[in-house]
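Trainee: Based on the hints, put chain D in the right spot on chain A.
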Amino acid sequence: MIETLGALAEPTRLRIVEALGRRPRSVGEICDALSLGQPQASKHLRVLRETGVVEVEAKAQQRIYSLRAAPLRELNLWLERYRRIWDERMDRLDDVIEGMKEEENRDGRKKRK
Amino acid sequence: MERTSDTDLLMTRTFRAPARIVFDAYTRPEHVRRWWAPASRGVVLVQCEADVRAGGTYRYVLGSGGEVVAAFSGRYLEVERPTRLVYTQVFEAFPDAEAVVTVKFEERDGMTKLVAHERYPSKEALDGAVAAGMEEGARESFEQLDRLVTSLRG
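Listed in order, the protein sequences are those of chains A and D. Using my numbering, the first residue of the first sequence is number 23, and each one after it goes up by one. Using my numbering, the first residue of the second sequence is number 10, and each one after it goes up by one.
Just chain A, same shape as in the assembly (with noise of 0.2 Å):
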């Protein structure tokens, strides 16, 4: 899963992924969609592919690029997780300042000796 995760944290690749959340598509309405470079969308696409994103349909003479895991166009979903990551590094900066206040109580009553 990191490897997708990666795949899907470049910007292109990511817009690349949107593009056909709406519904499949050949490489040149990729390019076309997004007004990217042949080589750059074959590029982005073989990544997509082999991190099992994408998969792809010979259909004629064209090769068709659709989505194979719903789940990672919904973007909400990955907020809900990046707020999860956010709330647990909260929890532990709490248990650090709680930490921080104990000893400075403590060296506060040293001092005061």
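Treat the hints as calculated values from the structure; they're not laboratory data. A quick note: this is a predicted structure, and the numbers were derived from the prediction, not measured. Mixed in with the good hints, there may be bad ones.
With a straight-line Cα cutoff of 35 Å, these simulated DSBU-like cross-link-like pairs (lysine-lysine) come out [to be verified]:
hint, chain 1, residue 1, chain 2, residue 2
1, A, 123, D, 122
2, D, 113, A, 123
3, A, 65, D, 132
4, D, 132, D, 113
5, A, 81, D, 132
Mentor: Structure of chain D alone, referenced to chain A:
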């Protein structure tokens, strides 16, 4: 956490401590090492360096099982201890998506509200950061997502 626009995220948390403690906990490497990475899930900060002054730089590197998982770095634009911090943030795998993070520490009655505002250069950059941010979530999260994807596929 709230997505306030295509390019902006807003996050808040209140701590029961004065701002100077929260500010130091948030910025000083000796403290950051203890909370930034989800150590209980096997992800640790293998490098944590920060020169916390305007123009200074920082770099946080996350590792898991001896491998580097992700690296984040940036430059401090404004440092006003203990009320305000502005810095750039780059997920190094995607250096074009540099965010500017503004953190305010609002102290009131001994409590401090931390307000973090992340602004990305584009919608795609924010979407990418959210996807990349998950890399820190370690294997447990990925496995959960993997199972979900598999179940929805079937």
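Trainee: Need the status of pair residue 65 of chain A, residue 132 of chain D: alpha-carbon distance at most 35 Å?
Mentor: holds, 22 Å
Trainee: Is residue 123 of chain A close enough to residue 122 of chain D, meaning Cα to Cα at most 35 Å?
Mentor: Holds. Residue 123 of chain A to residue 122 of chain D sits at ~16 Å (cutoff 35 Å).
Trainee: Is the hinted pair residue 113 of chain D and residue 123 of chain A satisfied, with a Cα-Cα distance of at most 35 Å?
Mentor: Between residue 113 of chain D and residue 123 of chain A the Cα gap is close to 20 Å, so the pair holds against 35 Å.
Trainee: Holds or violated: residue 132 of chain D and residue 113 of chain D, Cα atoms, limit 35 Å.
Mentor: holds, 24 Å
Trainee: Given the hinted pair residue 81 of chain A and residue 132 of chain D, is their alpha-carbon gap at most 35 Å?
Mentor: holds, 33 Å
Taken one by one, the earlier hints all hold for this structure without exception.
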